[in-house]
Amino acid sequence: MCLLQVCSRTLRTLWRALSGWSETALRVLFVGSLPKTRSGKIPRSTLSDLVNRKPYKITPTIEDAEVFKAIEKTVRERL
Numbered sequence: 705m706c707l708l709q710v711c712s713r714t715l716r717t718l719w720r721a722l723s724g725w726s727e728t729a730l731r732v733l734f735v736g737s738l739p740k741t742r743s744g745k746i747p748r749s750t751l752s753d754l755v756n757r758k759p760y761k762i763t764p765t766i767e768d769a770e771v772f773k774a775i776e777k778t779v780r781e782r783l
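Counting from 705, one number per residue, gives the positions in the sequence shown under my numbering.
Be a bit skeptical, because a hint or two may be false.
Derived PhoX-like pairs (lysine-lysine); straight-line CA-CA distance at most 20 Å [unchecked claim]:
#, residue 1, residue 2
1, Lys-745, Lys-761
2, Lys-761, Lys-773
3, Lys-777, Lys-740
4, Lys-761, Lys-740
5, Lys-761, Lys-777
6, Lys-773, Lys-740
7, Lys-758, Lys-777
8, Lys-758, Lys-773
9, Lys-773, Lys-745
Now the in silico label distances, taken between C-beta atoms and shown as ranges [stated by the list, open to error]:
#, residue 1, residue 2, range
10, Pro-759, Leu-722, 29 to 35 Å
11, Lys-758, Val-735, 17 to 23 Å
12, Arg-742, Arg-713, 32 to 38 Å
13, Arg-742, Ala-774, 16 to 22 Å
For the record, the hints were derived by calculation from the structure and aren't laboratory data. Note that the Cβ used here is the ideal one computed from N, Cα and C, for glycine as well.
Let's have the full structure, built from the sequences with the hints guiding it.
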């Protein structure tokens, strides 16, 4: 079994244990980095829209907008 598959299963199990069954991560994607605002926050709603293939808007406070392109490419390839 691939190391990434083992990590993915472990993360899902940990997620279920910490958040309960109401919120379960169905898939785990490994990416190089996450987009962050200048204050260090991760725009979760924008990431959710991206992963669910909904239109999303990159706010001007994002430090590196290129990260969204890399994540979008990973989503297209893996999901």
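> Taking only the CA atoms, is the gap from Lys-758 to Lys-773 under or equal to 20 Å?
Replying inline: Given pair Lys-758, Lys-773 holds - Cα atoms ~14 Å apart, limit 20 Å.
>> Checking one constraint from the list: CA of Lys-761 to CA of Lys-740, max 20 Å. Satisfied?
In response: Status holds; Cα separation ~14 Å.
>> Lys-761 and Lys-773 were given as a pair; does the straight-line alpha-carbon distance stay at or below 20 Å?
In response: Given that 20 Å is the threshold and the Cα spacing comes to 12 Å, the pair holds.
> How does the Cβ-Cβ distance of Arg-742 and Ala-774 compare with 16 to 22 Å: does it lie in that range?
Replying inline: holds, 19 Å
>> With the threshold set at 20 Å, check whether the alpha-carbon distance from Lys-777 to Lys-740 stays at or below it.
In response: holds, 18 Å
> So the hint says 29 to 35 Å: do the beta-carbon atoms of Pro-759 and Leu-722 match that?
Replying inline: Taking Cβ atoms as reference, Pro-759 and Leu-722 lie about 31 Å apart, which means the hint holds.
> Holds or violated: Lys-745 with Lys-761, Cα cutoff 20 Å?
Replying inline: holds, 16 Å
> Given the hinted pair Lys-761 and Lys-777, is their alpha-carbon gap at most 20 Å?
Replying inline: holds, 16 Å
> Is the Cα-Cα distance between Lys-773 and Lys-745 20 Å or less?
Replying inline: Holds. Lys-773 to Lys-745 sits at ~18 Å (cutoff 20 Å).
> Is the gap between the beta carbons of Arg-742 and Arg-713 within 32 to 38 Å?
Replying inline: At 35 Å between Cβs, range holds.
> For the pair Lys-758 and Val-735, does the Cβ-Cβ distance stay inside 17 to 23 Å?
Replying inline: holds, 18 Å
> Given the proposed pairing of Lys-758 with Lys-777, does the C-alpha separation stay at or below 20 Å?
Replying inline: It holds: about 14 Å lies between the C-alpha atoms, which stays within 20 Å.
Figure legend: structure checked against the earlier numbered hints; every hint is met.
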